[in-house]
Structure formats: structure tokens, C-alpha cells
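Student: Kindly produce the complete structure, drawing on both the sequences and the hints.
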Amino acid sequence: MRVVLVRPWTDARSGGGCCGAEVRDGVCFDGRVDSGAPTDVHAHARRNADTDADVRLVAETYLRLQQELPGVDVQIVGVDNTAYLLPTVFRALRARYGVVVAVRGLNRATTAGAVLVDGEFVGHLTTLGVDSAIAEIRVRCLVR
Amino acid sequence: MPAVAVAVVVGVLFFLGYRYYSTYLAERIYGLDPAFVTPAHEFKDGVDFVPTNKHVVFGHHFTSVAGAAPIVGPAIAVFWGWGPALAWIVLGTIFAAGVHDFGSLAVSLRHKAKNIGTIAQDVVSRRARTLFLMIIFFLLTLVNAVFAVVIANLFVANPGAVIPIVVEIPLAMFIGQYIYKTRSAALIPSLIGVVGLYLLIWVGQQYPVELDTVAGALGMEPRTLWVILLFAYTFVASRLPVWMLLQPRDYINSHQLFIALGVIALGMLVGWNTIVAPVVNDVPEDSPSIFPFLFITIACGAISGFHSLVSSGTTAKQIDKETDARYVGYMGAVGEGSLATGAVLATTAGVVATRGEWDELYPDFATASGGAVGSFVNGVGAFANNLGVPLDLAVIFAAVVVISFAATTMDTGVRLQRYIVQEIAELAGWHKLARNLTLAGVVAVVVPMAMALLPGGGEQGYTFGVLWQLFGTTNQLTAGLALSVVAVWVAKMNRNIIPIVIPLVFLLVMTTWALIVNLKNFILDDQWVLAPLDAIIFVLAMWLVVEAAMALRGTSGSRTPDSSDQPVDDGSDVPGRR
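Same order as they appear, the protein sequences are chains D and H. Using the numbering used here, read the first sequence as starting at 25 and increasing by one per residue. Using the numbering used here, read the second sequence as starting at 560 and increasing by one per residue.
Source of the hints: derived by calculation from the structure; they are not laboratory data. All C-beta atoms, glycine included, are put in the ideal place defined by N, C-alpha and C.
Here are a few chain D residues that sit away from chain H, every Cβ distance over 12 Å (derived from the structure): (1) Leu93; (2) Gly95; (3) Arg118; (4) Ala119; (5) Arg120; (6) Tyr121; (7) Gly122; (8) Val123; (9) Val125; (10) Asp155; (11) Ala159; (12) Glu160; (13) Arg162; (14) Val163; (15) Arg164; (16) Arg168.
Some, not all, of what chain D presents toward chain H, calculated at C-beta under 7 Å: (17) Ala36; (18) Cys43; (19) Arg48; (20) Asp49; (21) Gly50; (22) Val51; (23) Tyr108.
Tutor: Here it is in C-alpha cells:
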């Protein structure tokens, strides 16, 4: 069983390709960009209030799922990672529901902040909240 | 020869490289250990450090390394013939880029997912940090300059592409805001964005935008005005949060990447285009020689130092098992090599039907390099035409794809350059510059804009290919620095460093050779902008050679007696095993 947490929209990590990817972690030195310390000259580019809240939500859900449901495979995937999301979700849904449902499911799978269980859209993390999301995932685990 | 046959042969060679050489690297050189606790596990926080399925990581890594840069170099380099260009792409990808990308990832995994600059400071010398920042500064300066020129040239040559590209900006921002505010799925809105973009191609064709009148009134060339406008735009765009413009536009671009790859492959298959360019071109006597310039012209696509910035510090934080580094790192290089192969085929098989027509596009180096991106655009347009798209629309489609990628590269390039300016300012103690975003942004924009606009080389400005070669040189130096770090790390493990040292020495020889030849030419031609720049980069190259040699020499006394199974690094950065 695989749970996918799709990164929130504000936690964007997109890249522009060779010699243009947004690789601030690749060029900034430790002690500033990573620390968030007062001397963090890149803090403006790294996070804002929305981002912080959304990122914490995903992080908390992820870490709790690892603790509470240790047998479940949990992945955090960027919303822009369609090369992974689309074929994976399509294969998972087609096996259980057929092609039509699988195609319909593709769009929902690309919802930023989505919680997916074996390709199936469970809800939006910011709407569900951490506790409800975990409860919902737990129910799906029991069903399967 | 049919282009499809060449593509199949290259594909087989890449497969063999991945299947056998990357396995050799993983087992015998980097000593990957499936039980090693990767930084993603050691520092797991659900934010940056997340153990992730290798296919997920590859999806992210590939979209971060595949872009416009592997198009331009090969499109210029076929000037020497498609045989040498393709040979360097294939051999470079298998024996240099694969070693470099994979090695950067592996060494970062053994150093808490730190970036190459930080690791260089730790394992090479403290001076290496300054060297790293200097090389990246010039790399980004030249990236931004060459892509501004690429876009400006394409706008001048394809005025029909202006409306789609300009409207794509608010379109992407609107889609991004819609997805963000309504929390709706991204796929259909972004696909609508792609369709909207392609409908705008028709509008653009009907209403081409040319700046000749405005530029004439301002007393400048249209290309110059486009370059100024582009940098003004990137200054503003680089200040926006990533999720506001860059992410939605990149999302649209990711669809375009797959569409363009599909068009090239299918169009080539349906049209069964044959390569009309010569295998080895009999170039005019005053042309740059194939050695060393081919190896500087094709950087991205054969080996790109920029990939080490993606591998280390970013991708390394998500690797679940150390053994996954082979798939993610090496295959990323193969993916970029495949794009470069597509560029070679588009400019030798797609763009024209006869050898005579090809010779008109590539008569001398200045014409070839100035028109290279246009040749690629026309080649892809011809492939799309094979699929039934009217040729004039197909060409604008290809121009839109290339400009979209190039514009995103500029957006991020200026943003990264601002970080580097801030880092250098911190290092130098210029705290006002380090903390003043506007000032740092102005520096990040003005320096590459000056490079793109400064006069020289006659009425048409200096040869684009020369600027591109300087960019290739700095990219190869970045790769050289990363390979030096990897070599020192491998040497400390008492493993065979030959697979790393060979591409390292080859790159350093080619870059320094090219820098010396260019420096002589710039001085003889009174190119007093390019000559000092070349000289500075040459000094950096020499500095790198000295640092690499000293670091490798220093490892001879510190090697572990028996490290065939357990990699050991410089001391404090070896987490436990699982």
C-alpha cells in the first residue's frame, strides 16, 4: 500500500532545466540558507507564512504516518512531478477500476496538497488536517 | 543515413553504458552500500530530508537537469560534422557526465547531502569555496547572457512567437493563482494553458510583433532592445515567489517538453528523414579547430557542471537507498544526452532536405553559431510538419518551446545569480550588498546584460558561438571542480580514481587549451571585453588545476589501508549503517 502526499502549491521546487534549475541548496553555503538564522540572507526566497504552514502540515503528516503506520509506503511528491504521478496513479487505478476511472483520477492526483492512497484521492491535506488525514488513511489500510 | 537508425544506435549505447559502466562505478568505484544510512534517513524532517522512491526522485531530478542548454551546443557543434558531435555526446555522456552526475550525488550522500561547494571547502581546501563561488558567478553570468541573446535572436527571426511567449506569463500566473486559491487539480488547468499557448501561436502568426520602429527611434538594434526588455523582465520575475510564476510556467513547460520530445521522435519516424549533413565537415581554414572547441561548445549534453549543483544539496536530500544514486544520477545524464542527440538530428536531418541547403546554413562558424538555434527550431518544425502541422505554424511552435525553456532558465539564472552575489558579498564583508536584495538583483542583472550587449567583433556584435564557448568553458570548470571533489573522495577510499581522473584531465586540458587560443585571438582582434573575461576564467582554471593536484597529492598519505567495502571520507561525515 502506498500513500502519496502531494506537496502544497506554495512549496514549489520547480526547476527550469539544465543551467536553469532553481538549486539554491546547491549554491548557497550551509549555516545561512539551511539554518534560517538571523544571518540567513536567503530567507526571503525560502519561505513565507503560507509556505511554512503548508510545509509543516505535510511534514507532520509524513512523520506521524511513518510512526503510526510503519508498514505503509509514504512518499512526498512535488505537484510538478507528473513523470511519476501520472503513470503511477493510472496504473494503480486502472488495475482496480478500469481505464475510464483511471483517466478521471489523473487530474485529481495532481492536486497540490492532495492525499492519495494507492492512487485514489482521499482529500486535501489543508482541509482534512493531520488527524483526519491519518484517520482516513488508517481506515483505507484496514479495508485493504 | 536515416535519423531513426542513428537514434536507435545511440539509445543502445546509452543502455549499455547504464547497464554495465554505471554498475561498475556503483560497485567498484563509489562502493555504494544499500545498508548505508542516507542523509534523508539520518535527518528525516518531512520537509527537505525525505527518503523518497527512486522513480519520484528521478522525475524531479530529470526535470531539473533537462532544458534548453543541451539544444544550443549540439546545434552549433554539428558545424564540425554530425559524427564528431554525436561521438562526443555519446562518449561524454557515458564516460564523463555519468561519472560526474552520479559521483556528485554519491559524494554528497556521504557528506550529509551538502552541496559540492561546501564539500570542496571540506575535502579540497578552504580556498575552494571562493573558487566555487567565482566559477558559478561567471557560469551564471554567461548563462544569462547567452540565453538573452538566444531569445532576442529568436524573437527577431520569429516575430510570431512574441505574443504566445508574452501572454504565457500572465496566463501562467493566472493558472497558478487559480490552482492555489481554489485548491483544484493542476493537470487540466495546465493542459488548458498549453492549448491556449498553442492557439496563441496562430494569433502570433497573424500579428507578428517587431520592434524595428521602436528600436530605430531609440537608436539601437531590435535585438539590443529585446535583450534590455528581457533583463528588465527577469529582474522583476526573479523577485516573485517561485510558486507565483516559475512553478506554473514550469508546469506548462513540462508538458511542452514531453510534447516536443514526442514530436521529434514521431516526426522523425513518420518522415523517415535522412541526415544530409556531412559526417565530418570540411570547415573553412579560419574556423575554430575541432580540438579543443568541439568539447567546449557541447557542454550540456556531454557533461554539464551545473548538474552537480542539482545532484548535491538538492537531490541528495531525498535519496532513500544509497544504491538508488546510480539510477537517479546516471540516468539523469543519459536523459540529457538523449536531448542533445535530438538536437543533432534536428539540425542535420530535419532542417533541410539536401546537402547544398545544409551548407548554406553552416558555411562558416559565425553564421553557423548565430543561426544554430534557428536551425534547431526549423528542424523541429519540419518534424512537426511530417505529422501534418502546417510548416509556418510548426516553426513558431518550435520557437515557442525553445523560448519558453530559455526564459525559465533566465528567470532562475538571475535568481541564482542574486544568491551568489549575496554569498560573495558575505564572504567579502560587504554586508550592505549581501542584505540588500534590490542591489544584489541589480548586480545579477547588469553584469550579464553588459556581456550580452557590449560591442565587439564588427557590426553584428561578437560571434555568438564565442560567447557560448565561454559559457561552455565555465560549465566544464564547474564539472572539473565537482570531479576533483569526487576524485579526492574516491582516492581517500583507496579505490581506483582513473574513471574520474580521465574525464577530469580531459576537461581541464580542453578548457585551458580553448582559453589560451581564444585569449590570443581576442587580443589580436582587439576584443577588449572578451580578452579580460577569458583571462579571468583562465586564472580560475589554473587555480582549479593547482587545487585538484594538491588535493589529490594530499590524499596519498591519508588513504585508509583497506577500504574496499567500507567507504571512508575525511573524518566526521560518515553516518552509521542501517
